[in-house]
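Novice: Construct all of the structure, not just a fragment, from the sequences and the given hints.
Residue strings, one per chain:
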Amino acid sequence: MSLTRRQFGAISAATFMAGMPRASAQNAPIKIGAVNPYSGGMAQYGDEVTRGFELAVDWVNAQGGVIGRSVEIVRGNATSAQEGIAAVEQLVGRDKVDILVGTYVTAISNAASESALNYNKLYWETNALARDLTDRGLPNYARSGPSSNEFAKRSVEGALELVAAKLGKAPKDLKIWMEHEDSAYGTSIVKEQERLFKEAGLTTGIGSHSARAIDVTDSILRAKNANPDLWMSTAYVTDTNLLLRAARDQGFKPPAIMLLGVGDTVETLEALGKDFLEGILLVSYPRPDVNPKFGPGAADYLKAYRAKYSRDPIAPQSMNAFVGIKILYEAIKIAGSIEYEKVIKAAASLDKPLGTYEAGYGAKFDAKMQNSRALPVVAQWQGGAVKAVYPKEAAAEGVSIVNLPRS
Amino acid sequence: MAEFVNVLAVGLLLGGIYSLISVGLNLIFGVIRIVNFAQGEFVMLGMYGAFAAKMALGLDPYLAVGIVVPSLFVLGAVIYRMILMPLQGEAMMQVFATFGLLMVLQNVILALTRGTTYSVNSALSTMSVTVGPVQIGLVRLIVLVAATAVTIALGWYLKTSLQGKAIRAVAQDRKAALLMGIDVERTYMISFGIGTALAGLAGCLLSPLYSMSPQIGINFIMPAFAVVVLGGLGSVGGAYAGGFIVGMTEAIAGFYLDPALKHAVLFMVFIVALLVRPAGLFGHAGAQEVGLREQS
Chain A
1 MSLTRRQFGA ISAATFMAGM PRASAQNAPI KIGAVNPYSG GMAQYGDEVT RGFELAVDWV
61 NAQGGVIGRS VEIVRGNATS AQEGIAAVEQ LVGRDKVDIL VGTYVTAISN AASESALNYN
121 KLYWETNALA RDLTDRGLPN YARSGPSSNE FAKRSVEGAL ELVAAKLGKA PKDLKIWMEH
181 EDSAYGTSIV KEQERLFKEA GLTTGIGSHS ARAIDVTDSI LRAKNANPDL WMSTAYVTDT
241 NLLLRAARDQ GFKPPAIMLL GVGDTVETLE ALGKDFLEGI LLVSYPRPDV NPKFGPGAAD
301 YLKAYRAKYS RDPIAPQSMN AFVGIKILYE AIKIAGSIEY EKVIKAAASL DKPLGTYEAG
361 YGAKFDAKMQ NSRALPVVAQ WQGGAVKAVY PKEAAAEGVS IVNLPRS
Chain B
1 MAEFVNVLAV GLLLGGIYSL ISVGLNLIFG VIRIVNFAQG EFVMLGMYGA FAAKMALGLD
61 PYLAVGIVVP SLFVLGAVIY RMILMPLQGE AMMQVFATFG LLMVLQNVIL ALTRGTTYSV
121 NSALSTMSVT VGPVQIGLVR LIVLVAATAV TIALGWYLKT SLQGKAIRAV AQDRKAALLM
181 GIDVERTYMI SFGIGTALAG LAGCLLSPLY SMSPQIGINF IMPAFAVVVL GGLGSVGGAY
241 AGGFIVGMTE AIAGFYLDPA LKHAVLFMVF IVALLVRPAG LFGHAGAQEV GLREQS
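In order, the protein sequence lines correspond to chains A and B.
For the first sequence, my numbering assigns the number 1 to the initial residue and increments by one for each residue that follows.
For the second sequence, my numbering assigns the number 1 to the initial residue and increments by one for each residue that follows.
Quick caveat, the hints were computed from the structure, so don't treat them as lab data.
All C-beta atoms in this analysis are idealised placements derived from N, C-alpha and C, irrespective of residue type, glycine included.
Do not take every clue at face value.
Said to hold, decoys possible - Not everything, but these chain A residues come out facing chain B in the computed CB check (under 7 Å): (1) 40; (2) 218; (3) 250; (4) 270.
Specialist: As structure tokens, then:
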């Protein structure tokens, strides 16, 4: 078969044109849609989590991107589950994002990830806590950060190993009271804590309250009556502050106090003051002050954060988000693709030991795609600052436990 | 016994908080016949006002009362004049307007603070008084004393001052008051201003107790409605007494039953009280008929 010059030209042009978009898509930036609340009452932490994403983007772009492509973040505002679905539709439909990441709020993650599946997009979760999210077994979903179960686990370890030793008691002799706010968040964590304590042979007292309660003195009086060695609380910021104020007013002074998830920010410091907080334990995401051997590069992360935002991190959620995206890059590299099936498969093959990333995390996903090597730390208020104290390797040089039992 | 006395003290102090919040709400209802959903937001504004006064002028929240209360009186009067007065005669629309106001105020503060929780401490925040087996935070005691003083002062003002008598006259019969030469609209405006100012006072006095968020007003308003209904719609003394009924119910149910169940118990008491005495313990028969009195 012979071609005329005109036919040859037409075919060549068509081939070139057909190849053009393909080549361009291969070199175009990978667009990551960051689903978080950026307005309303949860905006502060939505912004903070996304700062971690943005720093991870800067980090990878400075190294030439991932699989030869630079990375971009596009924000999708979602303050509720319904808005989470709409945000995904907008990010995929209008902004043409390739991957979705999130989220500070479990309910939003739940709805947005299902919506992402409708578009065959990966939903890479870094910060939402509820264990149920991974238990759903959604094929496009993985969580790089700790779940509520890891928070419960770390708190129980902290109680049995750290608190018992400091109080000079055998772990099984510890008297523990667990206070929690009565929504799914507080209830699920306490349920897991109760199971773990039971395994260790301990019976605990449990109290609950509404996060919207005007007064929680009754909860404090019930705990005070039980005379615990350790009072643990899982709640939100405002009710945590209210509980601590009621404890102060009622002269409730347990030898050890441990707060889960909150109580580690300036919001609690301003409310209670550094003297009252001295020695209070916190189960929290690892912070940039961790020992460099435990979390290599954490100091560099802090430097990058300060350089970009001209302030210190508001909360440790941002470093957890930063590390989460770095783990995502690893999975994309192995997959050589951004298709969710390939990325999930690649993530499942990751086997990075603890201490690989800034937060001290490793990467080893379980069958439900929960990273089993992402663990919170036990920190402590010391002189108005929060310092990691447990596990021992996480504590920075020169940091030791103070004021335990509390004076 | 000591335990029971302690629980009663907790209920009494909580009752003081509820009374302080509810007295302005009940005044507005009693005079203007508006169920003001935005009252909790006025308390919230009072708290943020105390915070702003601390930040800008270094004022203790108790001293901020001097700025916040008059400011909220003016705000209340302006809101009445600009929003509620044009809806006079549309009782349901006025209620919806106060709900709209709730959303506006909450979202404006949300936009300004981006949801950050703030706290404002007083020099008295950490002080407490011990009476026998009971330890009482001084800030809570001040709220209780203030609630009592406000109730007495408001009752005295309504009984003895000319403007107070005008308010009572308008509350009793708007048309007759109008015929007697009372400026009814002005009286409404002043009443709404006083109700708002009292919410501002509550906000200032409560600010050392709570970490403030834009949504905190909602937490106050639901029990406050129970207080005014139990105590008696439109009765200043009823709001005071209702506060203690609610406070005691919550404290006893919370301690002896379960803190998670205290609101369920409270609203069961509320429903029973409504069935037995629809006008509340100190209210007048018919006061519960919101908006049925002619407004035009």
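Novice: The hint names residue 250 of chain A as touching chain B; please verify it with the least Cβ-Cβ distance against 7 Å.
Specialist: Holds: closest Cβ of chain B sits about 6 Å from residue 250 of chain A, inside 7 Å.
Novice: Verify the interface restraint on residue 40 of chain A: the C-beta must sit less than 7 Å from at least one C-beta of chain B.
Specialist: Check passed: Cβ of residue 40 of chain A comes within 6 Å of chain B, closer than 7 Å.
Novice: Grab the minimum C-beta distance from residue 270 of chain A to chain B and call the hint holds if it beats 7 Å, violated otherwise.
Specialist: Result: holds, 5 Å to nearest chain B Cβ.
Novice: Does residue 218 of chain A pass the interface check with chain B, least Cβ-Cβ distance below 7 Å?
Specialist: 3 Å, holds
Against the hints set out earlier in the document, no violation occurs for any number.
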